[in-house]
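If you want the building blocks of each chain, they are given just below.
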Amino acid sequence: MSELGAMLAGSAVLARRNLRRAWRLPGLLLLAAGQPVAVALFLGYVIGPVLAVTGYRDFLLPGVSTQAVAFAGGLVAVGLAADRRRGALDRLRALPISRWSVLFGHVGANLGAQLAALATAVATGLVTGWRIDAGPGRALAGFALLLAFGQAVAWVSVVLGLAARTAQGARRLGLVWTYPFVLVSCAFLPTGELPGWLRPIAEWNPVSVVATALRELWHGGAFPARELALALVWIVGLLVAAVPTAYRLLARGPRPGAGA
Amino acid sequence: MADAIVAEGLAKRYGQVQALAGLSLSVPQGTVLGVLGPTGAGKTTTVRILATLLRPDRGRGFVNGIDVVAEPEHARRQLGVSAQQTAVDGFLTGFEQLELLGRLHRLGRRRARSRAEELLERLHLAEAGSRAVRTYPLAMRRRLDLAAALVAAPPVLLLDEPTRGLDPRGRLGMWDVLTERVRAGCTLLLCTAQLDEADQLADEIVVIDRGRVIAGGTPEELKRRIGGERIQVVLGNRAETQVVEDILNRVCGGQAAVLPDQHLVQAPVTGGAQALVELVRRLDAAGIEPVDIGIHRASLDDMFLKLTGQAATPTVAEEEART
Ligand SMILES: Nc1ncnc2c1ncn2[C@@H]1O[C@H](COP(=O)(O)OP(=O)(O)OP(=O)(O)O)[C@@H](O)[C@H]1O
Ligand SMILES: [Mg+2]
Chain A
1 MSELGAMLAG SAVLARRNLR RAWRLPGLLL LAAGQPVAVA LFLGYVIGPV
51 LAVTGYRDFL LPGVSTQAVA FAGGLVAVGL AADRRRGALD RLRALPISRW
101 SVLFGHVGAN LGAQLAALAT AVATGLVTGW RIDAGPGRAL AGFALLLAFG
151 QAVAWVSVVL GLAARTAQGA RRLGLVWTYP FVLVSCAFLP TGELPGWLRP
201 IAEWNPVSVV ATALRELWHG GAFPARELAL ALVWIVGLLV AAVPTAYRLL
251 ARGPRPGAGA
Chain B
261 MADAIVAEGL AKRYGQVQAL AGLSLSVPQG TVLGVLGPTG AGKTTTVRIL
311 ATLLRPDRGR GFVNGIDVVA EPEHARRQLG VSAQQTAVDG FLTGFEQLEL
361 LGRLHRLGRR RARSRAEELL ERLHLAEAGS RAVRTYPLAM RRRLDLAAAL
411 VAAPPVLLLD EPTRGLDPRG RLGMWDVLTE RVRAGCTLLL CTAQLDEADQ
461 LADEIVVIDR GRVIAGGTPE ELKRRIGGER IQVVLGNRAE TQVVEDILNR
511 VCGGQAAVLP DQHLVQAPVT GGAQALVELV RRLDAAGIEP VDIGIHRASL
561 DDMFLKLTGQ AATPTVAEEE ART
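First to last, the sequence lines map onto chains A and B.
Each residue of the first sequence is one higher than the last, beginning at 1 in the numbering used here.
Each residue of the second sequence is one higher than the last, beginning at 261 in the numbering used here.
Read the hints as simulated data drawn from the structure, not as lab findings.
We put the beta carbon where it would ideally sit given N, CA and C, even for glycine.
Check before you lean on any hint, since a few could be wrong.
As the list claims (entries may be wrong) - Label-pair restraints from in silico Cβ distances:
(1) Val-537/B <-> Arg-20/A: 42 to 48 Å
(2) Arg-20/A <-> Pro-397/B: 19 to 25 Å
(3) Tyr-45/A <-> Gly-275/B: 32 to 38 Å
(4) Ala-392/B <-> Leu-140/A: 36 to 42 Å
Between the sequences and the hints, there should be enough to build the whole structure, so can you do that?
In C-alpha cells form, the structure reads like this:
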C-alpha cells in the first residue's frame, strides 16, 4: 500500500472509532442536533416578531445553519480532549501510523456532528415554512459552503485542543472560541442593529461572511461571486493556518494528560 | 548479545523540575530490565522518551539500534508501549479495541480479528471480549492495555508500572503473562515502584532516583547489598531462644541472630517459602509454639535507606495513598 493509501486507511479506521464513540455516548450528537432547533425556534418565534426586519425567516435560516455547523465543528475538541485525558492520544502517537490519520480521524468523524446539526437546522426551517428560493445548484453550493466552513472551524478547534495546557482547557477552548464570532456577527441580526464600533468587526467576521454568502446564494438574485469569494478566502485562510499547525502540535505532543 | 534498548545520558527538564539528569541504561535482547524507583524518580519520563512520545533535552535512545529521536517512525515499528495510565477506550468492547489496533497496524480485517481473539484468549479476557471496556475492573483493563501493546507482536516492550493499583491476584496474573512474553523472546523494560516485582521478573535492575541511576545489578546482587529476605520467629518463652536459634541456623545455613529483649530470632534466607515450611516442621517436632513466624522482605524504602541514606521522597506508601 502506498503511504497515502495507508494514511487514508488509518484515517478511515480512526474516523469509524470516533463515530462509534459519538453514537454510543450520544450526548454530543444530541447537543449538536438539538441546539440549532432551539436557536431557530427561539429567534423565529420570540425575537423575530419584535424585530422590524422584513423577510426575517429567510434572513434567519442561513444564519442558524452557519451557526449550527460552527457549533458542531467546535465539538471536535471534546473527543480530542477525552483522548488526551485518557492517554488514548499517546497510544496513537506511539503507533507506526501517520499523524495525519489521527487528525483526519477526528475531523472526519466530526463531519457526522456537522451533518446532524445542519439537518436539524434545515428541518426546523422547512417545518416552519421556510424554503430555499434558488435552484438546486445554488442550494447545493450553499450546503457545500457550510460544510467547508465547518471543516475550517473543526481544524481551528483541533489546534486549540492540542495547544491548551490541560485536557480540560482543550475541551473548553476548542468548544467556545466560536461563540464570540457568532454573537458579534450577522448570523441572527443584521449588523445594522449593532453599536457602530462593533459593525466593522461584525462585517468582516468569518461567520458573517459565510452567512451573507449563503443568504445571497439561497435567497438573492444575481450569483453572489464576490460574497462567495470572500467566504472562500476566509475558509482557505483558516485551513492554511490551522492544518499544518495541528500536525506540528500533535507531533510535538500535547502535555501528557494525567489528572489534567 | 546486542542491546535491544539503550538510553544514553537522557536529560529532560520540566520548568523547575529536572525530571531526568543524565540517565543511561541498556537492555540486552531477550532480557528484562527492571527500572525501580519511587514516585517522581523519572520512570515515566524515560519510557515516554523511548516510546518517541517526548523529545529529550539531551541524550539519545535506541530500540533495536534505531534512534528514537532521529527516526521515530521506524522506532515505533519495534515498540509495544503500555503507559502508566491505561489507555483503553471505554466505549469500545475489548474485541473492538484490539481489532481497531490491528487495523491500524495494517493487519487487514481478517487477521486483525483473529489476532484480537487470540490475544483476548491469551490474556484471559475471552469472556469479557464482547463487553464495553468501561465495565472492566482495573485488573482487566490493565491486561487489555497490555494486549493492546502486543497486537503487532513487537520485539520490544516498554511497560510503565503495569501492576499499579492491582490486588495480589491481579498482579500474579500480570506477572504470568509477562513471563510468557519474555519466554517468547521479547525484550522488556519494566518500570515499577515495587521491589518484589522487579525481583520476580527482572534479569537486571537499575534503581533510579531524581532522574539518575543510583544502583544497578542483578536482583540477587541488590538484595545482598540491602539484606534481602529474612525469616523471623517471635517467641513467647525466652527459654526457647537457644533451641530456635539452632534450628534457624540449620534451616537457613547459619547467620541466625537473636534480639532477646524482643523475643525475636531471625536469619537471612533465600527461597523463603520452602525454608519456612521446613522451619515450622522442625519447630513443631521440637515442641515449640512461637507467637509469630514469618518472612520479611526488604521494601523499596529499605533499599533507599541503604543506598542513599535517606528515605525515598516521597515514600511509596504516601504515593499509594494518593492514587
Ligand atoms: N508534564 C510535566 N510537567 C511538569 N513536571 C512533570 C511533568 N511530567 C513529570 N513531571 C515531573 O518530573 C519528575 C519525574 O516524573 P516521572 O513521571 O517521570 O516520574 P515517575 O518515576 O514515573 O513517578 P511515578 O511513580 O509518580 O509515576 C517528577 O518530579 C514530576 O513531577
Ligand atoms: Mg510514572
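Evaluation of the provided hints:
no. : hint                                : in the structure
1   : Val-537/B <-> Arg-20/A: 42 to 48 Å  : 54 Å, violated
2   : Arg-20/A <-> Pro-397/B: 19 to 25 Å  : 23 Å, holds
3   : Tyr-45/A <-> Gly-275/B: 32 to 38 Å  : 54 Å, violated
4   : Ala-392/B <-> Leu-140/A: 36 to 42 Å : 39 Å, holds
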